[in-house]
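Colleague: One letter stands for each residue in the lines below.
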Amino acid sequence: MTGYHLAHFNAARLRAPLDDPAIAGFVAGLGPINALADRSPGLVWRLAEGPAGDATTVRPAEPDVIVTLSVWESLEALRAFTYQSEHLDYLRQRRDWFVPLGYRASLVLWWIPAGTLPTPEEGVARLRALGANGPSPDAFTFRAPFPAPTDAGPSPLPLHA
Amino acid sequence: MDDSGLTAVSALTDGVRRAAYREVISAGGVPVGRDEVAAALGVGRTLAAHHLDKLVDAGLLEVTYARRTGRSGPGAGRPAKLYRVAAAEHEVSVPPRAYRTAAELLAEAVERTGADVALFDAARAHGRAAPSAASAASAASAAEVLAAHGYLPHEEDGRIELRNCPFHRLAGQFPPLICGMNLAIVEGLLEGHGLDAAWEARMDAAPGRCCVTLSNSKNKSD
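Top line first, the protein sequences correspond to chains G and F. Heads up: the first sequence begins at 1 in the working numbering, then just goes up one per residue. Heads up: the second sequence begins at 1 in the working numbering, then just goes up one per residue.
If we strip away everything but chain G, and leave its shape as in the complex, we get:
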């Protein structure tokens, strides 16, 4: 067990406001999918701000961009929830609810010391770093993952937003 957890940040540009019938399917899924995440093995923490506890009121990037931010024990645990559960069918329908973000990536992963929490603003900065520089140990993806730092190694480089 390393002293690091995996931070996950995702951003999505809404096709319509949350109260619009066009994206009722997305809104209806928020509760069940968040509940699924909460009972998934390996979830350490997720951002659950706002009256519904779904963080849809958190808009650190742009007014029409909603985000998810969570912390997991491992890449495998996050992958299992994201792609090997009912969540995959929800993801499959993403274009009914979201337009392309206009950034080069919409999802970013990075390692954090266990016991610390990431912020949405940090997520935005990591996402932009990923888009600008491609995957690195500071900002990577499922397709190009990096291993957790070893405690014996140097501490993670500070991120230049």
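Keep in mind the hints are simulated off the structure, nothing from the lab. One or more of the hints may lead you astray.
[What the hints assert, rightly or not] Far from chain G, some chain F residues (derived; all Cβ distances over 10 Å):
#, residue
1, ARG67
2, VAL92
3, ALA125
4, ALA147
5, GLY158
6, GLN173
7, PRO175
8, ASN216
[Unchecked claim] Per the computed footprint, the stretches of chain G lying under chain F, defined by three or more beta-carbons under 8 Å from a beta-carbon of chain F, are:
#, segment
9, 79-85
10, 88-95
11, 99-112
We put the beta carbon where it would ideally sit given N, CA and C, even for glycine.
Dock chain F against chain G, hints included.
Modeller: Just chain F, lined up with the frame of chain G:
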């Protein structure tokens, strides 16, 4: 050029060995023993074991050990040597063609532009129009149609699991996109063969198999 694909494929030139490989493949992910393969092929155990081990050497199969009967503890006997299809993929094109790279780049572009819906529409149309060896028979079953398209269907209790994903590697890299495409292909295949009234395909992601499963609509309403 990496010759590992050629090495793997050339290991299959022997007819008995090819039959042994097919036998293991048809078990899906379930490991099989040399006795089962020997019986299915009508050859001796030693010959079956010889070919199975050659397939392991070529990277086409991998070995696991397990007690077959579910017994454990003293008296359960030694674990049997079992064979299953190796996770590695082997691709051969002579001369070299990089369709896998092309597929990855196209998937990346579809993802960036958000053209998922266009891909799903194209996939459903492809499934509807796809001829299959099974459709030559006037009333091919869903399992036959899916088998003809490489899915290794396993039917049980009005439900079909697909034990091979034809897009395995790409699906691992772009899950919502490629699994969504795959679901649309399967739906198209059912429609194209007039099977969509009897069978319903849905996304049902789980480790170790295709993300799509089918259920028999008639069974469901019982």
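Colleague: Are the hints correct? Go through all of them and say.
Modeller: For each hint, the structure was consulted:
1. Interface exclusion of ARG67 (chain F) from chain G stands, the closest Cβ pair being 28 Å apart, more than 10 Å.
2. Distance check for VAL92 (chain F) against chain G: the nearest CB is about 25 Å away, which clears 10 Å, and the non-interface claim stands.
3. No Cβ of chain G comes within 10 Å of the Cβ of ALA125 (chain F); the nearest lies about 18 Å off, and the non-interface call holds.
4. Every Cβ of chain G is farther than 10 Å from the Cβ of ALA147 (chain F); the closest lies at roughly 24 Å, confirming the non-interface assignment.
5. Distance check on GLY158 (chain F): its Cβ is at least 21 Å (rounded) from any Cβ of chain G, clearing the 10 Å threshold; non-interface status holds.
6. Its beta-carbon lying about 5 Å from the closest one in chain G, GLN173 (chain F) breaks the requirement of being farther than 10 Å from that chain.
7. The claim that PRO175 (chain F) lies off the interface is violated: its Cβ sits roughly 4 Å from the closest Cβ of chain G, which falls inside the 10 Å cut-off.
8. The beta carbon of ASN216 (chain F) is kept farther than 10 Å from every beta carbon of chain G, the shortest such distance being approximately 20 Å.
9. Given a C-beta distance limit of less than 8 Å, the hint that chain F covers the segment 79-85 of chain G holds, as 5 residues qualify and 3 suffice.
10. Coverage of a stretch by a chain is defined here by at least three residues with a beta carbon nearer than 8 Å to that chain's beta carbons; for the segment 88-95 of chain G and chain F the count is 6, and the condition holds.
11. Under the rule that three or more residues need a Cβ within less than 8 Å of chain F, the assignment of the segment 99-112 of chain G holds, with 3 such residues.
This entry does not satisfy hints 6, 7, going by the numbered hints stated previously.
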